Structures are given as structure tokens and as C-alpha cells.
Amino acid sequence: MADAPNSPGPRPRPFGRPLSPHLQIYRWPITMAASITHRATGIALAAGTLLLCWWLIAAASGPDSYALFAGVAANPLGEIVLFGFLWSLCFHLLNGIRHLAWDVGYGFKVPTAKLTAALVYVGSLLLAAGAFAIGLMVRGGLGT
Amino acid sequence: MSVGHLRTPLAKIEGLGSARTGTLHFWHQRMTAVALVPLSIWFVASALAYVGAPQGAVAAYFSQPVNAVPMFLFILASTYHMSLGVQIIIEDYFHNEGQKIALLMLNRFAAWAIGAASAFALVKMALSGQ
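Chains B and Y supply the protein sequences, listed in that same order. Take 1 as the starting number for the first sequence in this note's numbering and just add one per residue. Take 1 as the starting number for the second sequence in this note's numbering and just add one per residue.
To be clear, the hints were calculated from the coordinates, so they are not data collected in a lab. Please read all numbers here as calculations on a predicted model, not as lab measurements. Treat the hints loosely; a few may be bogus.
[Stated by the list, open to error] Going by beta-carbon spacing under 10 Å, a handful of chain B positions derived as facing chain Y:
#1 Met32
#2 Ser35
#3 Arg39
#4 Phe85
#5 Leu93
#6 Val122
#7 Leu125
#8 Ala129
The beta carbon of each residue, even a glycine, is placed where N, CA and C say it ideally should be.
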């Protein structure tokens, strides 16, 4: 309990005493970076569900309310957000599969974990870029 | 389970397991994760093809059961998976009890609101037959 009556509470660190390691002190192994990115992309995707919700509501509400969404989506900034959402989904999907493999006991050796982390980064970028390029072509074909 | 030997003899003979929800959160997070592997691949394909499409095309797409049903499942699984994930983040980083409880409630409310609004829009398109 943070507010226990006799809790000493945070005190200033005495001069010259050692400080236990924390995020800004550790070097960044790729496995740690992948773990943090997994969490960050999870938060990004949670925010992205608002956009998905907006898209569906706009499409269900008729051409007028859809025009606003389509205008924002066609904006270069909208495209950047769309790509960010897409890459977040690709990363979270691939790293999620990595997590599921761990859950059944595979891939725990340090070299393996490092390799799969690197594969997730490269794979998610390739996947997102490829899917985004195909999407641009398809949408160009629909004549928006 | 291999953790059996870590339990006390009393806990073993009582065999009652956890007093709370045990591994339910963990298990639901994994089940929704597995479900979301095919669902999110399908969703990305659909979204990339239809995000810039005219309103009529999007409504027509989701009016077909073969698209409306996976989209409904995607909304359910993703908003539930989201609420489970954000819950862990809140529990990890917020140590003030009042603040934590408020955020945990807000998290569930937000997930239900987003899920309900998305599902309602989808059902509206699915039933209005474009």
C-alpha cells in the first residue's frame, strides 16, 4: 500500500550511494527492444481501434459522413497514420506468434531469441511495406 | 503441471487451486491471440482494399455475410484482447490504488464502447443490405 500510515515514502537518494539499474542505464539488447516495441505497438493498436470504429460508423452512416473520413484518409498524414497502424499490426502479429511459440516451450535459447527478434523487426517492415504498396495499387484501381 | 512440487502439502490435498481467477486472464489473452492470427490477416487484406473505397462499396462489402461474420469476430476478439493487454500495462505502471482502479474501469468501459459502436455499425451495414 502506497499510503500506509507508517510508510517511509520516497526519500532523496543519499549522495554516493549506488543506484539500481533502470531503463536509461541498461544497454538495449534486441530482445528487450522487441519486448518494449510489442507493448508500444499494442498501445498504438488500441488507439487505432478508434480509427477502425470511425471508419465503420462513417460507412454505416451514409455518403455524407463518409466523405469526412475519406478526406482524412486520403491526406498524406492519414496515409502515414495508416502505415503506422499497419506496421504496428504486422509487428504485434509476428511477435505475438513468437510469444505463442515461447508459451509451448520453443525458442528460448539466447541466440534463437535474438534471431527471432531481428526476424520480427525485418519481417514486419517488409510485410507492412508490401501490403501497403498492394493496398495503394488496389485503391488506385478503385478510382478514389 | 510441473509447478505442482512448489505447492505446500496442504494446498495439494485441498486441491482448490487459486482463490481468485488463476490463469484465466493469461488463457483468454492466448486464446484471443490465436484467433486473431487468421482474423487480423483477413482484416488487413479487407481494410487495405476498402479503406479508400466509396461508401457504397464499403457498405456493400460488409453487407455480405462472408465478410460481416469475420469482421464481427475480429471486432470481438480484438477489443477483448485489447482490454486484457491494456489491463496488464495499467497494473504494471500505476501503483496508486485509487488511480489504478479508476483506470482499470475506464479501460473496460472504453473497450466495451469501442466494441459496441463498431459492432453496431457493422450490423447496421449487414442488415440494411447496402
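Structure versus earlier hints - violations, ascending order: 1, 2, 6, 7, 8
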